[in-house]
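A.B. asks: What follows is each chain in one-letter form.
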Amino acid sequence: MKQVFIDSSVLVSACRSRTGASAAILALCKRGKIAGYISRTVRRETKKNIAALGQDVKNRLNVYLLQHKLIMVSEPPAADVVALTEHIREKDAPVLAAALRSPATHLVTLDFNDFMRPEVRAVAPQLIIVSPGDFVRDFIRSID
Amino acid sequence: MQVMPSSSQTEWVKILDNGLITIPKAMRKQAGIKDGDVARATLVGNKIIIEPRATVEEYRVFTSEQVVQWMQDDALSPEEVEKLGDLFDDIP
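Protein sequences, first through last, are from chains A and B.
So the number in our numbering is just where the residue sits in the first sequence, counting from 1, plus 4.
So the number in our numbering is just where the residue sits in the second sequence, counting from 1, plus 348.
No wet-lab data here; the hints were simulated from the structure.
Don't take every hint at face value.
Said to hold, decoys possible - So the derived list for chain A, only partly shown, Cβ under 7 Å to chain B, looks like this:
{"hint": "1", "residue": "S21"}
{"hint": "2", "residue": "R22"}
{"hint": "3", "residue": "T23"}
{"hint": "4", "residue": "G24"}
{"hint": "5", "residue": "A25"}
{"hint": "6", "residue": "S26"}
{"hint": "7", "residue": "A27"}
{"hint": "8", "residue": "R64"}
{"hint": "9", "residue": "V67"}
{"hint": "10", "residue": "K95"}
{"hint": "11", "residue": "L114"}
{"hint": "12", "residue": "M120"}
{"hint": "13", "residue": "P122"}
{"hint": "14", "residue": "E123"}
{"hint": "15", "residue": "P136"}
{"hint": "16", "residue": "I144"}
From the three backbone atoms N, C-alpha and C, an ideal C-beta is built for every residue, glycine too.
Based on the sequences and whatever the hints tell you, model everything.
C.D. replies: Okay, here's the thing in structure tokens:
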């Protein structure tokens, strides 16, 4: 089973659209097809970014958090986060550090500009950093 | 070196080997710095500002433009949705 760390951008998108690739990833987690990991930073960041949206969006996040078998990983040591700030923006570092500390083999994100730079991939060689769309298309090919 | 964590507290501290200093206990307590924490040192002119991580930790705030772009990037074709079957039934 693939182990996937889910970035806040994916959770936000899955909250806003129930038919996109991000929502499909959350559904795959619920069905036990993949193992989905998040961190407290991801959860807080997502809540903050949907705070101004409607109750239906917030309810969807609560369902994801409570029913979709997401695994909360420990916060990474501060030293890990600080070290990564040499390679990625300070605000992105806690997410990348948590993904690196988790058992995840994949990091799914829509934040292409920050997470898919060659410099970031170089410091996270154990992580396959992909968009939700590419991840889902790969899943579809595997079941075809 | 003069440590000035706020306008109301100033103390002189001695610089030891390799620049090692002890931040006065009262200042550590007020700033929320605990043993083992990582703090950020910033050089501003000839002053060094030491900030506990909690005060520099920030979260991303996504813009409307970013989210609109993500929704486009996140879209699946009707054929892809069909191949996923009833998967979306699990989404509230």
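A.B. asks: Compare the structure with each hint and give your call.
C.D. replies: Checked hints:
Hint status for A/S21 relative to chain B: holds, with the closest Cβ pair at about 6 Å, below 7 Å. Proximity of A/R22 to chain B holds as hinted, the smallest CB-CB distance being about 4 Å (cut-off 7 Å). This hint holds: A/T23 has a C-beta 6 Å from the nearest C-beta of chain B, less than the 7 Å allowed. Taken as an interface hint, A/G24 checks out: its beta carbon lies about 4 Å from the nearest beta carbon of chain B, inside 7 Å.
Residue-level restraint check for A/A25 holds (minimum Cβ-Cβ distance to chain B is 5 Å; threshold 7 Å). A distance limit of 7 Å between C-beta atoms decides the matter here; for A/S26 the minimum to chain B is near 5 Å, and the interface restraint holds. With a cut of 7 Å, the hint placing A/A27 at the interface with chain B holds, because the nearest CB-to-CB distance is about 5 Å. For A/R64, the suggested interface contact is upheld, since its CB lies about 5 Å from the closest CB of chain B, less than 7 Å.
For A/V67, the interface hint holds, the least distance from its beta-carbon to any beta-carbon of chain B being 5 Å, beneath 7 Å. Proximity of A/K95 to chain B holds as hinted, the smallest CB-CB distance being about 5 Å (cut-off 7 Å). Hint on A/L114 holds. Least Cβ distance to chain B is approximately 4 Å, under the 7 Å limit. Taken as an interface hint, A/M120 does not check out: its beta carbon lies about 12 Å from the nearest beta carbon of chain B, beyond 7 Å.
With 7 Å as the threshold, the beta carbon of A/P122 stays out of range of chain B, its nearest partner Cβ sitting at about 20 Å, so the hint is violated. Using the Cβ-Cβ criterion of 7 Å, the hint placing A/E123 at the interface with chain B is not satisfied: the shortest such distance is roughly 18 Å. With a cut of 7 Å, the hint placing A/P136 at the interface with chain B holds, because the nearest CB-to-CB distance is about 6 Å. Hint status for A/I144: holds, given a least beta-carbon distance of 5 Å to chain B, under 7 Å.
Hints 12, 13 and 14 from the list above are not met by this structure, while the remaining hints are.
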